[in-house]
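Take these sequences, add in the hints, and give me the full structure.
For the record, the sequence lines run as chains A and B.
Those letters in the first sequence? Residues 1 to 114, per our numbering, in order.
Those letters in the second sequence? Residues 1001 to 1115, per our numbering, in order.
If you're looking for bench data, these hints aren't it; they were derived computationally from the structure.
Even glycine gets a Cβ: it sits at the ideal position worked out from N, Cα and C.
Take these hints with a grain of salt, some might be off.
Listed below are the simulated BS3-like cross-link pairs for lysine-lysine, each with C-alpha atoms no more than 30 Å apart in a straight line [to be verified]:
| # | chain 1 | residue 1 | chain 2 | residue 2 |
| --- | --- | --- | --- | --- |
| 1 | B | Lys1057 | A | Lys101 |
| 2 | B | Lys1014 | B | Lys1057 |
| 3 | A | Lys49 | A | Lys113 |
| 4 | A | Lys113 | A | Lys58 |
| 5 | B | Lys1057 | A | Lys49 |
| 6 | B | Lys1071 | A | Lys101 |
| 7 | B | Lys1011 | B | Lys1057 |
| 8 | B | Lys1011 | B | Lys1071 |
| 9 | A | Lys101 | A | Lys58 |
| 10 | B | Lys1011 | A | Lys101 |
Just some of the chain B residues that point at chain A, by a computed CB distance under 7 Å [what the hints assert, rightly or not]:
| # | residue |
| --- | --- |
| 11 | Gly1042 |
| 12 | Gly1107 |
| 13 | Gly1109 |
Which chain A residues stay away from chain B? Per the calculated CB distances, all over 10 Å, these [unchecked claim]:
| # | residue |
| --- | --- |
| 14 | Val11 |
| 15 | Pro12 |
| 16 | Pro18 |
| 17 | Glu20 |
| 18 | Ser26 |
| 19 | Ser27 |
| 20 | Val29 |
| 21 | Thr55 |
| 22 | Gly62 |
| 23 | Glu64 |
| 24 | Asn68 |
| 25 | Lys69 |
| 26 | Ser70 |
| 27 | His82 |
| 28 | Asp85 |
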Amino acid sequence: AQSVTQLDSQVPVFEEAPVELRCNYSSSVSVYLFWYVQYPNQGLQLLLKYLSGSTLVKGINGFEAEFNKSQTSFHLRKPSVHISDTAEYFCAVSQNTGGFKTIFGAGTRLFVKA
Amino acid sequence: DTGVSQNPRHKITKRGQNVTFRCDPISEHNRLYWYRQTLGQGPEFLTYFQNEAQLEKSRLLSDRFSAERPKGSFSTLEIQRTEQGDSAMYLCASSLSGVGSYEQYFGPGTRLTVT
Chain A
1 AQSVTQLDSQ VPVFEEAPVE LRCNYSSSVS VYLFWYVQYP NQGLQLLLKY LSGSTLVKGI
61 NGFEAEFNKS QTSFHLRKPS VHISDTAEYF CAVSQNTGGF KTIFGAGTRL FVKA
Chain B
1001 DTGVSQNPRH KITKRGQNVT FRCDPISEHN RLYWYRQTLG QGPEFLTYFQ NEAQLEKSRL
1061 LSDRFSAERP KGSFSTLEIQ RTEQGDSAMY LCASSLSGVG SYEQYFGPGT RLTVT
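What follows is the structure in structure tokens.
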């Protein structure tokens, strides 16, 4: 069975500052890893995904994440945040045998202050 | 491609009533998933379909919950005899199968409030 732990429930940050949202996972099999963003009253939107290959993954809106197998982590980063990045961010994992079921973390609320 | 749509967006019902939600996936996607999201939590998997076949159900899906996808296109999720604990956002997602099945596209959700 897989599980996902997002280490921070809330992250306040000033506009144009860098940010890192932390995610650790556990799994007995190889997995795919994802970050989703959810804006208020909207569904989830895929930010980026790690399937295989390069451990540094670039996504939309200037976000990137690094897969670290030894530390079972998949932290999300952005060098300079904007007010519009204020949202809930979810780390997720699914088995790489078809990926039909995705396990989500509890989410990290990113709050960007002016 | 209009994305995944869900109706209604909001539903308020009294305890004990039955409710039904609808999800229309992206047209070429043959996999469809239902999740439940409560306040402050990530989505929790409920069930998924490949075409019209329901292939897995979570233990979260009690006997009061039933999902169908009769023609392999839209899906419905019914909750019978609703309880206050059923209050949540119900999310639908769809994907391709095989290559690309790892990427799920989510609808905006149906927010259920049971009073």
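Do the hints match the structure? See the list:
Of the supplied pair hints, the one linking B/Lys1057 and A/Lys101 holds, its CA atoms being roughly 10 Å apart against a limit of 30 Å. For the hint pairing B/Lys1014 with B/Lys1057, the CA-to-CA distance comes to about 26 Å; that is within 30 Å, so the pair holds. Between A/Lys49 and A/Lys113 the alpha-carbon distance is near 27 Å, which keeps this suggested pair within the 30 Å criterion. A C-alpha spacing of about 24 Å is found between A/Lys113 and A/Lys58, which places the hinted pair at or below 30 Å, so the restraint holds.
Of the supplied pair hints, the one linking B/Lys1057 and A/Lys49 holds, its CA atoms being roughly 25 Å apart against a limit of 30 Å. For the hint pairing B/Lys1071 with A/Lys101, the CA-to-CA distance comes to about 22 Å; that is within 30 Å, so the pair holds. Note on B/Lys1011 and B/Lys1057: the hinted pairing holds, with a Cα-Cα distance of about 23 Å set against a maximum of 30 Å. For the hint pairing B/Lys1011 with B/Lys1071, the CA-to-CA distance comes to about 25 Å; that is within 30 Å, so the pair holds.
About 23 Å separates the Cα atoms of A/Lys101 and A/Lys58, which keeps this hinted pair within 30 Å; it holds. Only pairs whose Cα atoms come within 30 Å are accepted, and B/Lys1011 paired with A/Lys101 is accepted, the gap being roughly 26 Å. Taken as an interface hint, B/Gly1042 checks out: its beta carbon lies about 3 Å from the nearest beta carbon of chain A, inside 7 Å. Annotation: interface hint on B/Gly1107 holds; nearest CB of chain A at approximately 5 Å, less than 7 Å.
Taking 7 Å as the C-beta cut-off, the interface hint given for B/Gly1109 holds, the closest approach to chain A being about 6 Å. The Cβ of A/Val11 sits about 15 Å from the closest Cβ of chain B, beyond the 10 Å cut-off, so the non-interface label holds. Here A/Pro12 stays apart from chain B, with its beta-carbon at least about 17 Å from theirs, past the 10 Å limit. Distance check on A/Pro18: its Cβ is at least 24 Å (rounded) from any Cβ of chain B, clearing the 10 Å threshold; non-interface status holds.
The beta carbon of A/Glu20 is kept farther than 10 Å from every beta carbon of chain B, the shortest such distance being approximately 19 Å. The beta carbon of A/Ser26 sits about 15 Å from the closest Cβ of chain B, which is more than 10 Å, so the claim that it is off the interface holds. In this structure A/Ser27 is separated from chain B by more than 10 Å, as the shortest Cβ-Cβ distance comes to about 14 Å. At roughly 14 Å from the closest C-beta of chain B, the C-beta of A/Val29 stays outside 10 Å, upholding its exclusion from the interface.
The claim that A/Thr55 lies off the interface holds: its Cβ sits roughly 17 Å from the closest Cβ of chain B, which is beyond the 10 Å cut-off. At roughly 20 Å from the closest C-beta of chain B, the C-beta of A/Gly62 stays outside 10 Å, upholding its exclusion from the interface. The beta carbon of A/Glu64 sits about 18 Å from the closest Cβ of chain B, which is more than 10 Å, so the claim that it is off the interface holds. Separation of A/Asn68 from chain B is adequate, the least Cβ-Cβ distance of about 20 Å exceeding the 10 Å criterion.
Under the 10 Å C-beta cut-off, the non-interface status given to A/Lys69 relative to chain B holds; the minimum distance is some 18 Å. The beta carbon of A/Ser70 sits about 23 Å from the closest Cβ of chain B, which is more than 10 Å, so the claim that it is off the interface holds. Every Cβ of chain B is farther than 10 Å from the Cβ of A/His82; the closest lies at roughly 23 Å, confirming the non-interface assignment. Residue-level check passed: A/Asp85 sits 19 Å from the nearest beta carbon of chain B, beyond 10 Å.
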